[in-house]
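Chains as they are written, first to last, in numbering that gives the first Met the number 0: chain C, 0 to 516; chain U, 0 to 496.
Heads up, some of the hints might be wrong.
What the hints assert, rightly or not - Reference excerpt, derived from the structure (chain U facing chain C, CB under 8 Å, subset only):
| no. | residue |
| --- | --- |
| 1 | Ile398 |
| 2 | Pro399 |
| 3 | Leu400 |
| 4 | Val412 |
| 5 | Leu423 |
| 6 | Ser430 |
| 7 | Leu438 |
| 8 | Pro482 |
| 9 | Gly483 |
| 10 | Met486 |
| 11 | Gln490 |
Claimed, not checked - Stretch by stretch, here's where chain U covers chain C in the computed footprint (C-beta under 8 Å, at least three residues):
| no. | segment |
| --- | --- |
| 12 | 68-82 |
| 13 | 147-158 |
| 14 | 168-177 |
| 15 | 181-189 |
Hints are computed from structural coordinates only; laboratory data are not their basis. Source: prediction; values computed, not measured. Cβ atoms here follow ideal geometry from the backbone N, Cα and C, with glycine treated the same way.
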Amino acid sequence: MIVVWLILILMVGGALAWVTEAMDSRLPRLTALIVMLFSLIVVVMLCMNNFPDPLSPGGQWLVLEKWSWIARFGIYLQVGIDGLSLLMLLLTVFLGLMAIGAAWHEITERPGFFYFNLLWTLAGVVGVFTALDLFLFFFFWEVMLIPMYLIIAIWGHENRAYAAMKFFVFTQVSGLILLLAILCLAYFHFVQFGRFSFDYFELHNVVLEGRFQMLVMLGFFIGFATKLPAFPLHSWLPDAHSQAPTAGSVLLAGVLLKTGAYGLIRFAVPLFPEAAADFAPVAMTIAVIGILYCAKLAFAQTDIKRLIAYTSVSHMGFVLLGVYAWNIYGLQGALMTMLAHGLTSSALFMLAGGLQHRFHTRDMGQMSGLWAKLPKMSAMALFFSIAALGMPGLGNFIGEFLSLLGAFQANHVAAIFAALGLIFASVYSLWVIQRVFHGEFRVPGDHGAGHGEAHGATAQDLSSSEMLCYGAMVLGLVWMGMYPQTFLAMSEPTMAFLLESLGSFVGSVVSTAEVLP
Amino acid sequence: MTGEQLLLILPLIIVTATSVITMLMVAAKRNHAVSCFITAVGLVLALLSLIIVARHAPQEVTPLLLVDSFNIFFTALILLAGLAITLFSYPYLCNLEDHQDEFYLLLSIATLGALVMVGSTHFITAFLGMETLSVCLYGMVAYPLHRQETAQYPMEASIKYLVLSAVSSGFVLFGVALLYAQIGTLHFADISAGITQGIANGPGSEYFVVASLLVITGFAFKLSLVPFHLWTPDVYEGAPLPATAFLATVGKLAMAALLMRFMSVSGVLQSDAITNVLSIIAVFSILGGNLLALLQANLKRLLSYSSIAHMGYLLIALLTLESATGAASGSPGTSLGAEAVSFYLTAYVVMSLGAFGVMMVVSDSGHERDHIGHYQGLFWRDPWLALVFTAMLLSLAGIPLTIGFIGKFYVFVAGVQGAEWGLLAAMVIGSGIGLFYYLRIVYRMLTPLDHDDPLPVAGIRDVIPHGILLVLLVALIVPGIIPGSLMALLQSVVQSL
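Can you build the whole structure from these sequences, using the hints too?
Listed below in structure tokens is the structure:
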């Protein structure tokens, strides 16, 4: 029931936030905050549990529940939480909290409806991370889109109509392809076992012959790779991220992208082991192209949010690389990259949003030397930029290192080229720091006559509540960098189970104990 | 004809009586409210009579009509849609500077035609029903004729519909005649017998194929499938909103149900030539309808093109009826195609009625608010109407939590079962394009007004139309979340086919 409660808390909380707007325009954000804190407590309590042994009868599942839903097609409300889901849930509620922090002062127009959409997006994401019935999964997959669309379309920046539409059409069309692939699988279960089934465990038994298996797998891959996003399907992301309000960007970059990676780990590879193994070189090539190409594109941006968006695509390449390496290093690396990138990209988007809020522009050409006036903010920007470029001691390093380690075992060439991405990341990260925070102080409208000076002078540095948000994220990244075992241990049973039941593509199963002695 | 048989066609009798009584009332004393009331009561009574009808076993009432669960289900759906449109019409027609009463008369006779269509297993009744429906629709489309400022469009629309509808009826008649020349009866089931004798495939089958295609062409005209769709946008735009809504829901519903019965009873889909032609029509309808809808600023035109696309989706499911009858009997998936068609039709009626309902609520016969600009900022002016409209549009686009998604899901399942990969690809592309224009309306409703709007928030403040919208919203969302019971119902409904 815990999953149902979690989703219900978020949905009811969202409705409540909308209703309370009528009483006081400050109530919605307070409601949302309380709801998110409550969800966080629920998820943290789940984390306190001991993880079951993957070889025990119940498998690696901490929670596994099933209710009847649509009997005609053998569809069940089946949800489960294992280490992988739980880490994703933790990320979701944590970043949900950060998103509320980001929206706290920024959203003044129709706050009730905003927080409603925010919480409903999160409810959809929680559903995605826990659903074990593929129909239910798809249902939540789509449910999270509409509120996100509304967030971009209503509270977005100047080009929001285009961005929101592009976001929706990309994800919806790829979603329909995913639905088609799911239905093929369910139908072949019908052909082979005499009834429709969308059950994750039962669908493992479906046998598809080579070519057809590849096609169905590609359906899954397209669905998830669009969301991830992977190289040729990424073009929606820079628009959506740069036009969304800060909280929207935080959710998009921190949480929604992770649903794609989660789908790959949970469904696209395990359900089609042979096809995925054949496809792995292609997927890894796509990953490498994505890493290098988007890093290059990031370097060419002047809009700070677009830049961060492209770096997201680049970093997600490491996730794709790790997943298709399909060994314990690769998978754990992909997972750590997801978690660490969730925090860094959210923090960077919040900083970019903070700059836009203060100076009403995202153009880096118009800002420089901010360190002099905004020391706290600049220090934070430096920290998260360095985290993003993969500095050892912080979470991103662990993730990217493990991904590359796993990829090297599977495909030397891909790993070597992907490693170049780390250099590019340093270049663009430090370049941003150099341009925006160092040098002579200059902000928009600074054409002589004191106006700009006044403008710059009125700009507030980070408030204590903002510092609290960033501080929590700094703490998370340092934790991940210094003692990743906490997180690796949580996901290890799941990963070990996945690898053991399918066998890795290359090499043998290695325990994480050996990953970090 | 026995007493039991008379009982079975009670809905037809009641609706006929309703139109007669309305007519007599008009002759005695005209009163808009009374005419509307009588029509509504008649439709409700016909609905209630279905409870009695449903207690009887399926039975043929003369060789012309078959009263089975399929008939009963679609009769109920048509009556409900007719009732909703009747109630929407009253406030809409209130300020018409002309007699309003005949509109209800036409509406109830048109409903009668639709009821005959869904019960027919014979070309005579099928044709009779189609003509009854069409002839009344000519009148309904041209109804606000004496209003000076709007007079030109209804007339144009009506003439267009009259001419093209008559041509399509000609096609049907010619096809029927050819079929009759070959098999000697007009009963759908006898075509099936002819097909087992080998008239549909192999040498000498051209005659049969041409005859069936002529019939199907006529049907496709009424369903406005590409390339027989040219009348649709003009007629939708020119007609007054209640007539448009009636045409779009009851008209399409009755025709699609008739086509479904015809296809599954006659087994014409066993002919490869016919299947191929229908597949091409489906692809063109999906792509054409969606592409043409993209840039429409008039919502009636937009919805007309979107209805073309939806009928294309429906055709995918109709085409899988063949694989159902062709499959080994006893396989649990046999009825899937028929279920998919019925579910999609139900969904389509609910969501288009809702979309037109919102437009009817903000319009009246003097001012039709059918331009996309009229809905700008509706979210902030009238959240309730905007919510309903958004839900209907999202359902038309096939987004989860709505009945439209489950309908699309059903069509997908049926398509996968029939291995119609090309058609499914067209549907994915079509749905992608469809998002553009549905979301464009939603976005427009979200965009705040940049100037003081001369339009009132919403035209009509009556409780009844808003109540119907609420019912439609519930009917949209509940089966979208828990579709199990509707699926089970439809599964039993299509058993009788």
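>> Under 8 Å between beta-carbons, do enough residues of the segment 168-177 of chain C, three at least, approach chain U for the coverage claim to hold?
In response: holds (count 5)
>> Please verify the coverage claim for the segment 181-189 of chain C: does it have three or more residues whose C-beta sits within 8 Å of some C-beta in chain U?
In response: holds (count 5)
> Measuring from the C-beta of glycine 483 (chain U) to each C-beta in chain C, is the shortest one below 8 Å?
Replying inline: holds, 5 Å
> Quick check: the segment 147-158 of chain C, covered by chain U? Criterion 3+ residues, Cβ under 8 Å.
Replying inline: holds (count 4)
> Does the interface hint hold: is proline 399 (chain U) within less than 8 Å of chain C, judged Cβ to Cβ?
Replying inline: holds, 4 Å
> Are isoleucine 398 (chain U) and chain C close enough, Cβ to Cβ, to be under 8 Å, as the hint says?
Replying inline: holds, 6 Å
> Do the numbers back the hint for proline 482 (chain U), that is, is its least Cβ distance to chain C under 8 Å?
Replying inline: Check passed: Cβ of proline 482 (chain U) comes within 6 Å of chain C, closer than 8 Å.
> Does leucine 438 (chain U) meet its interface restraint, that is, does its C-beta lie within less than 8 Å of any C-beta in chain C?
Replying inline: holds, 6 Å
> Would the hint on valine 412 (chain U) stand, with a C-beta cut-off of 8 Å toward chain C?
Replying inline: holds, 6 Å
> Does methionine 486 (chain U) pass the interface hint, meaning its C-beta sits closer than 8 Å to a C-beta of chain C?
Replying inline: holds, 4 Å
>> Does leucine 400 (chain U) hold up as a contact with chain C if the rule is Cβ-Cβ below 8 Å?
In response: holds, 6 Å
> Within the assertion that chain U covers the segment 68-82 of chain C, do at least three residues meet a Cβ-to-Cβ distance smaller than 8 Å?
Replying inline: Satisfied; 5 residues make the cut.
Violated hints are absent here; each numbered hint is respected by the structure.
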